[in-house]
Amino acid sequence: MSRAFSLRTRVGRGALAAYAAAGFIFLFTPIAFIVAFSFNKPKGKFNIIWQEFTLDNWRNPLADEALTEALWTSLRIAALSTVIATILGSMIAISLSRYTFRGSSTYNFLLVLPLTTPEIVLGSSLATLFLGQTIVEFGFTTIVIAHVMFQVSFVALTVRARIRGYDWTLEQAAQDLGASPFMTFRKVTLPLILPGIMAAALLAFALSIDDFIITFFNAGSTMTFPLQIFGASRVSISPQINVLATSILLLTVTILAVGTVTGARRRARHGIEA
Amino acid sequence: MATAVVERVRSADRSSGEKGGLALLILVGVCLLAIGAGWLPDGLDFLLLVVIGLALVGLIMAAVLGGPDLRRALAPYGLLKPGSMWLALFYLAPLWTLLRNSLSAKETRFDVQAKFSWEFSNYGTAFSDFGPQFGRAFLYAGAATALTILIGYPVAYFIAFRGGRWRNILLGLVVVPFFTSYLIRTIAWSSILADSGPAVSVIEKLRLDGILEGIGIMDDGRLINTASAVVFGLTYNFLPFMILPIYVSLEKVDTRLMDAAQDLYSSASRAFRKVVLPLSIPGVFAGTLLTFIPAAGDFVNAQFLGNPNTTMIGNSIQDQFLRQNNYPVASAMAFVLMAIITILVLIYSKFFGTEDLA
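Protein chains in written order, with this note's numbering: chain H, 1 to 274; chain G, 275 to 632.
To be clear, the hints were calculated from the coordinates, so they are not data collected in a lab. Quick reminder that beta carbons are idealized off the backbone N, C-alpha and C, glycines included. Heads up, some of the hints might be wrong.
Estimated spans, in silico, between C-beta atoms of each pair [stated by the list, open to error]:
hint: 1; chain 1: H; residue 1: ASP56; chain 2: G; residue 2: LYS526; range: 46 to 52 Å
hint: 2; chain 1: H; residue 1: GLU65; chain 2: G; residue 2: ASP593; range: 25 to 31 Å
hint: 3; chain 1: G; residue 1: ASP469; chain 2: H; residue 2: ARG59; range: 56 to 62 Å
hint: 4; chain 1: H; residue 1: ARG59; chain 2: G; residue 2: ILE300; range: 34 to 40 Å
hint: 5; chain 1: G; residue 1: ILE300; chain 2: H; residue 2: VAL83; range: 41 to 47 Å
hint: 6; chain 1: H; residue 1: ALA173; chain 2: G; residue 2: LEU330; range: 39 to 45 Å
hint: 7; chain 1: H; residue 1: ILE255; chain 2: G; residue 2: ARG481; range: 41 to 47 Å
hint: 8; chain 1: H; residue 1: ALA161; chain 2: G; residue 2: ASP537; range: 32 to 38 Å
hint: 9; chain 1: G; residue 1: GLN387; chain 2: H; residue 2: VAL253; range: 26 to 32 Å
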């Protein structure tokens, strides 16, 4: 086998690599554009045509007060809804993966339903529920309720996928050795399922921050980050949008990279296969 | 003998616990659904909430006082309960209020609440006034789904089989663009595709504008505000939802199967068609659902990249609901959209379905 691959195979492989590279360029074109335009000095109110390079926007990333306020609101909503959804969703996941019980397959189906419903239907139907009552007004509370609603399914399915191979007899072993149920949960169950729960929480947080359509229907006059961008996009697109978007991107990529690297190190140290 | 009796009592205890737990779960779900949907007169729903509260206390008491078997039998339902209550009240009940709204009429334009009156004409209006929007929604979503398969499949294939040790990093790169806001990305495309933007000038430099015009992608030298721009935006925004599930199913393919096929004198392309492609169908199936469903309900791409003649049903629902405050017709459209998508998904899964979707 002096020539491992025929010419035809090599051409095919090269073509595939080129195609994949083009795919990645496609994915990153608008990202490059967003980052580049955070260094633009726009003429007028729309930061969409390249004028000249400047660092001014990065000197005061919070210059757009309404946008900063909206980002802050989004972060609070995401934090609260993620905590609620992670607790509810993880409980569902533990219940479904640990026990087999009557109705569990029907329940599985129910859980997938919200994910196969278009966002616009979820948003508008929830709005009709809120329209018909006088207990809560459209605003912060209704947005949190809406976000938890779609996050719960995501969390439950993500956590369940992560803890599928988990050996529940370890709990019995702990209890046989005299641990109380609470102690068992804290020392055995939680450490094992925590990585899955953290991953699900991160996903839920990201979904909440970025949700536009469902929020749009249930926000009242409250402005989240996407809503503020949407509302302002008709009158102005400030470069601070690009600065904040770039910062969020860098932050999440850094968190993920650090998480992956330390996770891999820890696994390597403990000699566990990834 | 005695142990058998004890065993029997235990299992009876357990199965009655299971039945009780399940019954309570269903009951609570139905009650919350009823409260949310407004089936009950005002006083009764408060009473029901008290009853649900007491039932939960009773469940906890039963679990604490009962034996370990009963506790074990009740545990799964106890864990499910809070999340299920949320979904019953804020997912299922809204679907009911949506249906109810779609059969209501507003007496004057300025009423907040529409009155329920079996108003089937809302559905007539939805079809007669917004038929083209329905058509475009499914056409654009279908075209975008086909494009994401064309672009996404080779990329997923490359990552799965040629990624080597870069696999995880490449996979991460697929997701990274999605850490910037959906809206910001779409606005970025609108400036890239703009009349004096980079895309048009590159096309003009390469003298491709004639060809693109010929096959209907460009219109009068413009990219922005065309139907193709909307499809393009949808394709971009949902591409990772196609790449990731295809990757997951390709990753499971045993590469030795391909070697085996080639050892048996199958050509590379035939090995792909007969071995790899069938094994990756579940991924394509999941990706199609994850792309088509949100794309059909989207209005952001049509808003930023389209023109008034390329609006999709999402734009109409949004406009009727939030701007015209015409809740009944908006609800009818949302309901029809959901019904059509459900039917399409059922037909589709009949032909391509796999059990391990979730």
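A quick look at each hint next to the structure:
no., hint, result
1, ASP56(H) to LYS526(G): 46 to 52 Å, "holds (51 Å)"
2, GLU65(H) to ASP593(G): 25 to 31 Å, "holds (29 Å)"
3, ASP469(G) to ARG59(H): 56 to 62 Å, "violated (32 Å)"
4, ARG59(H) to ILE300(G): 34 to 40 Å, "violated (59 Å)"
5, ILE300(G) to VAL83(H): 41 to 47 Å, "violated (28 Å)"
6, ALA173(H) to LEU330(G): 39 to 45 Å, "violated (31 Å)"
7, ILE255(H) to ARG481(G): 41 to 47 Å, "holds (45 Å)"
8, ALA161(H) to ASP537(G): 32 to 38 Å, "holds (35 Å)"
9, GLN387(G) to VAL253(H): 26 to 32 Å, "violated (47 Å)"
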